[in-house]
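> So you can see what is in the structure, the chains are spelled out below.
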Amino acid sequence: MIEFTLEREDWSLHRKGQQDQERHREKVREAIRENLADLVSDESLIMSDGKQIVKVPIRSLEEYRIRYNFQKGRHAGTGSGNTQVGDVVARGRPDQDGAPGPGQGEGAGEQPGVDYTEAEVTLDEIQAVLFRELELPDLAEKEAADMTVETVDFRDVRKKGLSTNIDKKRTLLQAIRRAGRPHEKRVSITPEDLRYKTWEDITKPDSNAVILAMMDLSGSMGLFEKYCARTFFFWMTRFLRTKYANVQIRYIAHHTEAHEVDEEHFFNKGESGGTICSSAYEYALTMIRNEYPPERYNIYPIHFSDGDNLTSDNEKCVKLVTELCAMSRMFGYAEVNQYSRASTLMSAYGKFELPQFRKYVIREKSEVYGALRHFFSQSSGGVRSA
Amino acid sequence: MTNEEMAQLGASIEQMTDIAKSFGLDFYPMRYEVCPADIIYTFGAYGMPTRFHHWSFGKQFHRMKLDYDLGMSRIYELVINSNPCYAFLLDGNTLLQNKTVCAHVLGHCDFFKNNATFRYTSRDMVERMAASAERIYHYELQYGRGRVEQLLDAGLALSEHIDASTDGRNARKVVKQQQFLQRRGDNQVVFKSNPHARTPYDDLWELDGKPPADDGKKPIVKPRAAQKDVMLFIIENSPALEEWERDILSILREEMLYFWPQLETKIMNEGWATYWHLRIMREMDLTDDEAIEFAKMHSGVVLPSRMSINPYHIGLAIWEDIERRWNEPTVDEIDKFGRQPGQGREKIFEVREMENDVSFLRNYLTKDLIEKLDLYLYQKVGNDWRVVETDWEKVRDTIVASRVNGGIPVLYVEDGDYNRNGELYIKHEYEGVELDLRHLERTLPYLHRVWGRQVHLQTVVEGRDVIFSYDGKKTQRRFVKE
Chain A
11 MIEFTLERED WSLHRKGQQD QERHREKVRE AIRENLADLV SDESLIMSDG KQIVKVPIRS
71 LEEYRIRYNF QKGRHAGTGS GNTQVGDVVA RGRPDQDGAP GPGQGEGAGE QPGVDYTEAE
131 VTLDEIQAVL FRELELPDLA EKEAADMTVE TVDFRDVRKK GLSTNIDKKR TLLQAIRRAG
191 RPHEKRVSIT PEDLRYKTWE DITKPDSNAV ILAMMDLSGS MGLFEKYCAR TFFFWMTRFL
251 RTKYANVQIR YIAHHTEAHE VDEEHFFNKG ESGGTICSSA YEYALTMIRN EYPPERYNIY
311 PIHFSDGDNL TSDNEKCVKL VTELCAMSRM FGYAEVNQYS RASTLMSAYG KFELPQFRKY
371 VIREKSEVYG ALRHFFSQSS GGVRSA
Chain B
153 MTNEEMAQLG ASIEQMTDIA KSFGLDFYPM RYEVCPADII YTFGAYGMPT RFHHWSFGKQ
213 FHRMKLDYDL GMSRIYELVI NSNPCYAFLL DGNTLLQNKT VCAHVLGHCD FFKNNATFRY
273 TSRDMVERMA ASAERIYHYE LQYGRGRVEQ LLDAGLALSE HIDASTDGRN ARKVVKQQQF
333 LQRRGDNQVV FKSNPHARTP YDDLWELDGK PPADDGKKPI VKPRAAQKDV MLFIIENSPA
393 LEEWERDILS ILREEMLYFW PQLETKIMNE GWATYWHLRI MREMDLTDDE AIEFAKMHSG
453 VVLPSRMSIN PYHIGLAIWE DIERRWNEPT VDEIDKFGRQ PGQGREKIFE VREMENDVSF
513 LRNYLTKDLI EKLDLYLYQK VGNDWRVVET DWEKVRDTIV ASRVNGGIPV LYVEDGDYNR
573 NGELYIKHEY EGVELDLRHL ERTLPYLHRV WGRQVHLQTV VEGRDVIFSY DGKKTQRRFV
633 KE
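As you go down the protein sequences, you meet chains A and B in turn. Sequential numbering of the first sequence, starting at 11, is according to the numbering used here. Sequential numbering of the second sequence, starting at 153, is according to the numbering used here.
Just so you know, these hints were derived from the structure itself, not from any lab. Check before you lean on any hint, since a few could be wrong.
Unchecked claim - Across the chosen pairs, the derived CB separations fall in these ranges: (1) B/Gly452 - A/Glu36: 29 to 39 Å; (2) A/Ala47 - B/Tyr289: 32 to 42 Å; (3) B/Glu581 - A/Thr252: 54 to 64 Å; (4) A/Arg43 - B/Asp520: 53 to 63 Å; (5) B/Phe489 - A/Arg35: 55 to 65 Å; (6) A/Gly91 - B/Lys499: 24 to 34 Å; (7) A/Glu17 - B/Asp219: 40 to 50 Å; (8) A/Glu36 - B/Tyr582: 46 to 56 Å; (9) A/Glu13 - B/Gly452: 27 to 37 Å; (10) B/Gly534 - A/Glu36: 21 to 31 Å; (11) B/Gly298 - A/Gln137: 19 to 29 Å; (12) B/Asn155 - A/Glu36: 33 to 43 Å.
Stated by the list, open to error - Within a straight-line C-alpha distance of at most 25 Å, the following computed PhoX-like cross-link-like pairs (lysine-lysine) qualify: (13) B/Lys374 - B/Lys579; (14) B/Lys546 - B/Lys519; (15) B/Lys633 - B/Lys374; (16) A/Lys82 - B/Lys579; (17) B/Lys265 - B/Lys418; (18) B/Lys374 - A/Lys82; (19) B/Lys625 - A/Lys37; (20) B/Lys217 - B/Lys418; (21) B/Lys524 - B/Lys499; (22) B/Lys217 - A/Lys37; (23) B/Lys418 - A/Lys82; (24) A/Lys329 - A/Lys361; (25) A/Lys375 - A/Lys326; (26) A/Lys37 - B/Lys418; (27) B/Lys519 - B/Lys579; (28) B/Lys524 - B/Lys448; (29) B/Lys499 - B/Lys488; (30) B/Lys418 - B/Lys173.
To be verified - Residues from chain A shown here face chain B by an in silico Cβ test under 7 Å; the list is partial: (31) Trp21; (32) Gln31; (33) Gly87; (34) Val95; (35) Lys253; (36) Thr332; (37) Glu333.
A virtual CB, placed ideally from N, CA and C, is assigned to each residue, including glycine.
Go ahead and model the full structure; you've got the sequences and the hints to work with.
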């Protein structure tokens, strides 16, 4: 038998590792989808003010085995001489408690607890999965107005133009055609052969939509309530900006009185005082009358509150919401109600049977995802409450 | 590597092969393949060039490749225990690095061929795994990728729990699809394989066209004695598996039997290869630059680690220590054991044939060596990891214990008809180190997947016997009443 051979082959078609790596990535994406509810309410994402991209570690799929608990055992190490009992080998990381395990393979890490890899997922990747599920409900073609998209389209050819836009094919054709005439000896390009592509401005009408984001900023809205509301609006804002070119978002904050605020104020400032929800609805109605005629706009008022409304105000609210619903494609009311209190406002709204009205109760952080799906999906007919 | 370097490497290999033989190394014919990094890392992740597809290999591949791309770690070579022996060299290595790797690989191959632990491993595993991968691929076409993947998830999670003891009976009992069930009147399942089988195909000759009668009843079994081979017990006795599923589990078990000796001899094997690449390279004519490059590479390989035992480092140290002690025995050793000087080489060849890591460490990791190498034990104290023991016997015993069963917890099937309800009862052989409970609770569903009924696992937590049970919906734990 031949003692040894030494060869070098072409391995370029061997893609096994890459194929299974892709399958692993697929499974990570599935894991993101399954964990969307938790990811959506992840603080580190929301606190990033929506501009900078934060990476969220997602545990890549662990392969579970019956194995020893690394944290509890004694392990052997090699010192550089004269090691004494009590010497520190490594500083523990308190936040790594849930991740035991020895380093693997050659060149094992100097830190215990790196047995699993973290597939880092960017905000964009989570968005891509999340936003695939969301859409503006019952969006209708409205009368074309100022809300248009401007694009350019090269659709004309002229004899004068910018030299970067020379249409080479037509120029050559022109030269050949001219060379075909009698008295012309050979093909050459003269200035009169030159043809330029030229564009036209095009304006395309787009469906107009406006979101009226109303948030209760009264004293009764605690940290948790505000957190849920802001998380919701954070994703809503990003979702609308990503998916729709011409959606306006107006922010209305209210306690006993309502007023319009800018985005930064809406997401960051706290206020105090009692709660009169009708103030926000009135403000919204005024806004619609003055700026957003329903025949030209798809209108989506969405209101977040803890439901702790001044009881005498409820009747007025019901009347105003009915009015708003008549003008809107969808009216969303979300109540953050951690302890399942009996809420006066919700019980008042419970009687609605308007097709545009949708309500949702958020009891814990992870239900923000449910609220997003509930409000931004095509109407399934009727009112659903969580 | 340029073509010129390839030619030089070929010449060097010829030289090194002769040197290795003159040292007494005994190896299979060698097949060296030079290939690019992603190929080496693929083989590294799968453990074999021809293994089946699974996402966990892809994950491993991605991790290893990433480390390589970022310059954090690299593997120099990959060697397959087979006849002829395949060794894959990295194209990106320098000529000198690949020379060293070839010398190292000769040591491995000698070890594969001659160490007793490897006696029953199939040397044609490259082809067998290719055939298995093909079979699994056909199951994917027939039963769907999702179902096959699910079963592989479960099977891989449990595949370490086999009995590879080298009395050979279990190792040779290669479970074959379809022909292995024969039911007797007492509802016991027995193996049809011939105990005197000489080749793995003997059971095929016995196929005489009598399919086992299926009376629809599932056999329910108690192992006569506690059975360590959990995989085999499930393959033979699970009431929930279809034939193709038993086949896939048999494939996984067979592959684990093949890999097992490598788990049991990691320190010996790497130490042996390192010992020999050092000696073979010393015989080669190296330029000054090459000598320095070699020294750097070698010291990188044997770099000690504060948090673990580097098998190259400890293994080499023990081999050299054995050789020294048998070359120059002390007066005491001559008196007591009648040990004659100058027998170092002979002794290490004997050790490489007889021992595995557990016995190797127990017999040859001496007090002097532990103190010279400055080995210690560390443990988590509060938030920090601190040295808690330097006493040589305790250090040695802990290292030995960590190598028992390849470093994998030992499980025994106690009962396949627990509660008289066909439930599976498994006991962890507790030896002072607790199991990772988070992993345990997530592995039980896999066990349930292949057993089909409630599964129980008994272990020890905080000094008390605890039984974890999974019924297909949730895991419960309860203390055993004393």
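> Compare the structure with the hints numbered earlier in the document and write down the numbers of the violated ones, lowest to highest.
Of the numbered hints given earlier, those the structure breaks are 7, 8, 10, 18, 25, 26, 27, 35, 36, 37, listed in rising order.
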